[in-house]
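Please take these sequences and the hints and turn them into a complete structure.
Residue numbers (the UniProt record's numbering), protein chains in the order written: chain A, 1 to 257; chain B, 1 to 257; chain C, 1 to 313; chain D, 1 to 313.
Since the hints were made in silico from the structure, they are not lab data. Any given hint could turn out to be false.
Here are a few chain C residues that sit away from chain A, every Cβ distance over 10 Å (derived from the structure) [what the hints assert, rightly or not]:
hint, residue
1, 146
2, 179
3, 212
In silico DMTMM-like pairs for lysine to aspartate or glutamate, Cα to Cα no more than 20 Å straight-line [claimed, not checked]:
hint, chain 1, residue 1, chain 2, residue 2
4, B, 209, B, 103
5, A, 128, A, 31
6, C, 113, C, 159
7, A, 200, A, 210
8, C, 202, A, 74
9, C, 80, A, 237
10, D, 155, D, 106
11, D, 202, C, 281
12, D, 202, C, 287
13, D, 155, D, 145
14, D, 202, C, 288
15, A, 73, D, 288
Listed next, with one range per pair, are the computed distances between beta-carbon atoms [stated by the list, open to error]:
hint, chain 1, residue 1, chain 2, residue 2, range
16, B, 239, D, 152, 29 to 39 Å
17, A, 148, D, 32, 38 to 48 Å
18, C, 288, B, 11, 29 to 39 Å
19, B, 196, C, 287, 26 to 36 Å
20, C, 104, D, 152, 32 to 42 Å
21, D, 152, A, 239, 53 to 63 Å
Remember, predicted model here, so these are calculated numbers, not experimental data. Each residue gets a CB set at the ideal place from its N, CA and C atoms; glycine is no exception.
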Amino acid sequence: MMKREHMMIVAHEPIAENIYALTLTGPLVHEMNKPGQFVHIKITSQADPLLRRPLSLCQIDKETSQCTIIYRKEGIGTTLLSEKRPGETVDVLGPLGNGFPLDAVKAGQTALIVGGGIGVPPLYELSKRLVKKDVNVIHVLGFQNKDVMFYKNEFAKLGETHVATVDGSYGTKGLVTDVIAECAISFDVLYACGPKPMLKALEQAFPNKEVYLSLEERMGCGIGACFACVCRVPNSETAYKKVCSDGPVFKAGEVIL
Amino acid sequence: MMKREHMMIVAHEPIAENIYALTLTGPLVHEMNKPGQFVHIKITSQADPLLRRPLSLCQIDKETSQCTIIYRKEGIGTTLLSEKRPGETVDVLGPLGNGFPLDAVKAGQTALIVGGGIGVPPLYELSKRLVKKDVNVIHVLGFQNKDVMFYKNEFAKLGETHVATVDGSYGTKGLVTDVIAECAISFDVLYACGPKPMLKALEQAFPNKEVYLSLEERMGCGIGACFACVCRVPNSETAYKKVCSDGPVFKAGEVIL
Amino acid sequence: MNRLAVQLPGLSLKNPIMPASGCFGFGREYAQLYDLSQLGAIMIKATTLEARFGNSTPRVAETPSGMLNAIGLQNPGLQKVMEEELPWLAQFDVPIIANIAGSTMEEYVEVAKEISKAPNVYALELNISCPNVKKGGMAFGTVPEVAAELTKLVKEVSEVPVYVKLSPNVTNVVEMARAIEAAGADGLTMINTLLGMRIDVKTAQPVLANRTGGLSGPAIKPIAIRMIYEVSQAVSIPIIGMGGIQSAEDVIEFFYAGASAVAVGTANFIDPFVCPNIIAELPALLDELGFEHISECTGRSWKKGEPSVYCGA
Amino acid sequence: MNRLAVQLPGLSLKNPIMPASGCFGFGREYAQLYDLSQLGAIMIKATTLEARFGNSTPRVAETPSGMLNAIGLQNPGLQKVMEEELPWLAQFDVPIIANIAGSTMEEYVEVAKEISKAPNVYALELNISCPNVKKGGMAFGTVPEVAAELTKLVKEVSEVPVYVKLSPNVTNVVEMARAIEAAGADGLTMINTLLGMRIDVKTAQPVLANRTGGLSGPAIKPIAIRMIYEVSQAVSIPIIGMGGIQSAEDVIEFFYAGASAVAVGTANFIDPFVCPNIIAELPALLDELGFEHISECTGRSWKKGEPSVYCGA
Ligand SMILES: Cc1cc2nc3c(=O)[nH]c(=O)nc-3n(C[C@H](O)[C@H](O)[C@H](O)COP(=O)(O)OP(=O)(O)OC[C@H]3O[C@@H](n4cnc5c(N)ncnc54)[C@H](O)[C@@H]3O)c2cc1C
Ligand SMILES: Cc1cc2nc3c(=O)[nH]c(=O)nc-3n(C[C@H](O)[C@H](O)[C@H](O)COP(=O)(O)OP(=O)(O)OC[C@H]3O[C@@H](n4cnc5c(N)ncnc54)[C@H](O)[C@@H]3O)c2cc1C
Ligand SMILES: Cc1cc2nc3c(=O)[nH]c(=O)nc-3n(C[C@H](O)[C@H](O)[C@H](O)COP(=O)(O)O)c2cc1C
Ligand SMILES: Cc1cc2nc3c(=O)[nH]c(=O)nc-3n(C[C@H](O)[C@H](O)[C@H](O)COP(=O)(O)O)c2cc1C
Ligand code: FES
Ligand code: FES
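Following this line, the structure appears as structure tokens:
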């Protein structure tokens with residue numbers, strides 16, 4: 001169940017250029033179930049910056065009561081977050097949203113897992129869970145360049161892993177869709193998280209496949225109350241889904257990207 | 001000269017109920033000259049709380065490049081300040097204002113030093129300097145009660161020290177003026193810092209003595225530019241003095257309390 | 001004796017704390033977190049005659065100690081609110097204040113007439129001041145005669161008392177308040193959001209798809225306090241105050257300014273438990289300040305030297 | 001080529017950054033910290049005919065990401081400003097914009113006539129919107145006809161271009177701006193402070209001795225941006241923007257909204273070096289954003305698809 005908790009930072013370090021891994025501990029970890037869920041973090045106790053920041057769960061370890069988040073230092077909130085040290089606490093609301101459906105793919109089947117940039121983190125917990133279910137996983141990860149690449153090795157340990165970089169500084173030069181086409185990857189179910197153009201390209205590329213996409217939208221409450229994060233539903237003028245509480249993961253076609 | 005510097009916290013601890021001693025280090029210490037000067041501290045890098053907080057210098061040690069501030073946890077700014085740990089920095093603007101005139105009293109003469117509550121800190125550096133000049137110092141310190149009393153021993157090492165508490169939990173029950181009257185303290189020059197009613201009482205009690213009073217006022221800039229902290233001057237409709245840049249120490253009669 | 005109970009036209013509240021309209025949906029999300037019966041009342045999301053999708057996203061943007069929103073009155077429409085949301089809310093022991101909006105006077109009247117019949121709707125709140133819709137909204141909230149006319153029409157059909165929500169985007173809020181009081185309003189709620197905007201430094205384009213939006217949160221608190229201070233001295237109907245409330249201390253400040261109850265908006269997004277927390281903290285704060293009953297605080301900043309009299313339920 | 005130089009009526013500025021009136025005194029304090037010749041211009045503290053003490057203290061109060069002030073136009077009066085402050089400022093290579101105020105139209109006219117003769121005064125800024133003085137101030141700033149009349153009278157006597165400072169405390173800022181433009185103003189400056197208030201929880205009394213005060217600082221930035229966005233599309237005279245600016249990014253946001261230069265107020269209190277710091281940071285920011293000259297940024301949020309043309313000095 002969703003709760004609010006001041007979680008303690010146990011580890012916090014840069015893992016690539018402007019990319020940080022933040023490990024938190026607290027009872028709240030025991031509420032975290034599905035890969036693809038996110039938490040909403042209030043970074044200071046003061047009114048500026050005012051809003052919570054949505055960040056995906058990248059690893060959930062109930063044994064040690066720890067969870068890990070990977071984030072990019074972007075604006076003021078993540079910059080202030082990056083200054084926090086182990087021993088300090090952060091105010092966490094979560095877990096929020098519905099994660100990736102694990103039962104969409106069966107043991108022995110193949111899941112293609114596609115991540116772009118800072119959309120990669122939630123896919124790691126997803127992949128771990130699928131591997132545990134004996135699903136065959138193939139990862140295609142896209143980054144701007146080698147310097148901002150992270151978790152390649154971690155993913156490689158779980159299954160076949162391809163990397164594309166926009167500038168060609170590592171792996172295939174180009175986009176994740178280039179890799180998928182080039183390697184003629186075949187799969188049963190596709191899971192993806194990343195920038196909207198990437199998600200749109202994947203949706204279009206595989207109209208007849210089962211595809212799950214994790215979306216991002218500017219949020220107010222993060223829990224479904226404020227109507228900030230809605231997206232439209234096909235064939236309706238007024239129907240909508242909320243990214244925070246109905247998503248962030250949607251089946252391709254369920255909402256208009 | 002006034003400068004802005006991020007000073008490093010070397011020590012920070014509670015010394016009485018809600019009273020903290022904060023020791024800072026940095027080159028700025030070498031600009032700090034007069035007891036009674038203050039610094040203007042910005043507590044977070046964010047816009048809330050927005051304004052700097054004026055806090056008096058309690059000790060200036062050029063040899064170790066350290067200065068100490070003693071403050072009471074009052075509102076949001078000092079509460080956030082109290083959470084800062086050694087190793088962190090604070091944004092300091094200073095030194096500001098004109099301190100107590102040391103040359104108003106000569107070697108061998110007697111200075112009566114009167115402090116009330118959180119007005120006590122700047123008097124410590126003042127007393128040290130006067131003692132160094134071979135001035136005879138007598139301290140009268142007033143506190144609400146024993147729990148919020150601080151620096152009694154430090155002052156006692158420098159000279160005769162009397163304490164009054166409002167509730168009688170330590171020393172004389174009553175106000176600093178009660179102690180002065182009771183003990184029939186005689187002196188050449190009086191220096192005081194504390195709540196306005198105390199300063200007024202002292203001004204009235206010693207109309208023929210040389211009396212220096214350190215004032216408090218709500219501040220904007222702290223450097224004389226915003227006209228927030230003005231007080232009136234006797235016998236004029238428009239004349240004024242600024243507490244931040246003309247004060248905070250004024251000779252009794254110079255401004256209207 | 002309940003030290004927090006307050007009586008307002010149509011509303012017998014166990015405490016004066018309620019979530020503000022648009023910041024609590026229809027309560028379903030918060031009901032997963034705590035028992036809504038703890039609340040003094042609930043101001044539900046603005047309801048219009050037909051369902052509305054609202055504006056394109058992004059619909060929110062952060063500002064220093066505040067946020068802009070341009071939701072654009074998204075709501076499921078009168079019928080669904082009557083058939084699904086209000087009956088669902090009836091399971092809680094809490095009066096509902098129905099926030100209503102429209103593009104025309106007729107729409108307001110129609111919604112008011114129907115929604116005021118719902119058994120758990122104890123009052124209406126006329127949203128005449130939404131800055132995020134093209135038609136209606138703003139104009140109703142800035143021209144005294146228009147606001148008065150609308151108030152009159154709604155009063156004629158409403159089965160419950162009518163509160164009118166004032167816009168802060170006016171030169172003279174007292175003039176608006178007086179016109180609305182004269183037109184028969186039972187109470188005022190204030191303030192709605194201030195019209196604001198943010199532009200993205202990288203793209204040079206407004207952050208909100210709607211370009212402008214309504215500013216809420218702590219940043220606007222001093223403006224809300226000033227307006228309530230002015231209006232409460234000029235009218236004799238009660239005021240439900242709002243604008244940046246985050247704590248029990250803020251609630252007291254609004255009462256001192258002249259409010260008789262308060263609503264909490266944006267703060268629900270930062271701390272979803274803010275309303276029950278404030279309710280829990282108020283008695284101790286009243287003790288500290290030396291008040292028997294919270295109503296003693298109303299207007300204290302301008303009612304000079306008034307003796308402290310118990311005046312609650 | 002100077003990428004920051006901008007040309008405004010009467011003002012040939014080496015850069016578009018200037019301290020806002022009332023937040024920089026007459027420059028003496030900041031001159032101890034840096035060379036004032038670095039600044040684009042200086043807007044001096046409001047000058048009235050006679051010396052004024054202003055309001056009682058406390059005169060400032062903190063609010064979330066903002067502050068309230070009720071200085072009340074304290075200043076040494078026209079004569080002293082002419083004889084002491086302006087000549088002292090003449091040692092710096094920086095144009096002065098004289099902010100003038102009054103209780104009557106006659107007072108404005110008299111001050112404008114004299115002060116515009118000072119050799120280093122290159123423009124006037126009519127403060128028709130000070131919320132902290134009983135007479136004048138507010139009314140001049142909220143009624144278009146009154147503002148237009150005052151503008152006309154001052155234009156008749158002034159030897160330098162006249163900028164009029166708009167109040168945000170109005171329903172329709174565009175209407176005010178148009179009336180003032182039609183009356184012959186050479187430029188607009190906006191925004192002045194929003195009227196606000198804080199009440200002390202312990203005493204139940206307003207924190208400011210004057211009770212209400214003007215809200216400034218980052219909290220009001222989204223309101224300033226919105227108003228400049230609206231007004232810049234409705235008038236053809238240039239706008240000097242202000243309200244919560246703290247950084248080079250903020251400056252760009254004001255330009256995108258429609259400003260041609262900016263003033264920095266409250267931020268000087270938080271960081272006395274803020275103006276020279278912003279000036280130093282702007283060129284790198286222009287590089288990052290791909291602009292040759294800062295003037296290209298003006299109005300970019302609404303001038304859609306306009307080709308990037310160099311239009312500076
Ligand atoms: C469901 C979800 C999961 C996410 N998971 C991750 C993650 O695991 N790692 C990661 O690095 N980032 C993630 N993001 C994006 C992350 O929320 C933003 O990068 C972050 O909010 C930026 O905050 P800031 O203060 O640094 O930037 P600022 O630009 O200062 O933020 C200003 C405002 O805009 C919002 N905002 C800015 N960028 C985004 C964005 N891309 N999406 C939504 N809101 C935004 C902020 O939340 C804030 O309200 C996720 C976003 C969503 C919606
Ligand atoms: C010249 C000078 C020297 C001072 N020296 C000391 C000192 O050595 N130790 C100490 O404990 N206190 C000192 N004070 C008082 C100290 O500045 C306030 O206690 C502090 O600003 C309170 O900040 P806050 O955020 O905790 O309270 P808040 O109530 O949150 O502050 C809100 C605003 O009011 C201002 N404010 C509140 N109380 C005062 C006050 N008494 N005087 C001036 N402004 C105030 C704050 O600076 C801030 O702008 C001094 C004040 C002045 C003017
Ligand atoms: C996301 C959001 C949606 C809102 N929707 C409505 C609405 O539908 N009707 C209305 O009258 N006010 C609406 N408001 C205004 C609030 O009810 C309230 O008046 C305002 O936000 C000030 O209070 P606050 O600062 O506590 O949020 C909305 C505010 C926000 C932030
Ligand atoms: C302490 C203070 C004094 C001010 N005095 C004046 C003044 O004399 N004349 C004037 O036109 N504006 C005055 N202002 C308004 C500022 O010039 C500016 O318009 C406003 O503060 C918004 O900008 P900011 O948010 O950067 O401070 C004053 C503002 C402050 C904070
Ligand atoms: S963020 Fe509030 S409804 Fe999704
Ligand atoms: S605090 Fe600004 S003049 Fe003293």
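Status of the given 29 to 39 Å range, CB of residue 11 of chain B versus CB of residue 288 of chain C: For residue 288 of chain C and residue 11 of chain B the Cβ distance comes to about 33 Å; the hint holds.
Does the claim that residue 179 of chain C lies off the interface hold, with its Cβ farther than 10 Å from every Cβ of chain A? Non-interface label stands for residue 179 of chain C: nearest chain A Cβ at 31 Å, farther than 10 Å.
Could you grab the alpha-carbon distance between residue 80 of chain C and residue 237 of chain A and see if it respects the 20 Å cut-off? 16 Å, holds
Holds or violated: residue 155 of chain D with residue 145 of chain D, Cα cutoff 20 Å? 15 Å, holds
Minimum Cβ separation between residue 146 of chain C and chain A greater than 10 Å? 27 Å, holds
Is the nearest CB of chain A more than 10 Å from the CB of residue 212 of chain C? It holds; residue 212 of chain C is separated from chain A by about 16 Å at its closest Cβ, greater than 10 Å.
Is it true that the C-beta distance of residue 148 of chain A to residue 32 of chain D lies inside 38 to 48 Å, as the hint says? Given about 45 Å between the Cβ atoms, the range holds.
Mind checking the hinted window 26 to 36 Å against the Cβ distance between residue 196 of chain B and residue 287 of chain C? 28 Å, holds
Straight-line Cα separation of residue 128 of chain A and residue 31 of chain A no greater than 20 Å? With a Cα-Cα distance of about 18 Å, the restraint between residue 128 of chain A and residue 31 of chain A holds, given a limit of 20 Å.
Starting from the range 29 to 39 Å, see whether the pair residue 239 of chain B and residue 152 of chain D falls in it by beta-carbon distance. 36 Å, holds
For the pair supplied as a hint, residue 202 of chain D and residue 287 of chain C, is the alpha-carbon distance within the 20 Å limit? With Cα atoms ~12 Å apart, residue 202 of chain D and residue 287 of chain C stay inside 20 Å; holds.
Taking 20 Å as the top limit, are the C-alpha atoms of residue 202 of chain D and residue 288 of chain C close enough? Holds, because 9 Å separates the two Cα atoms, which is no more than 20 Å.
Every hint, counting from the list given before, is met by this structure.
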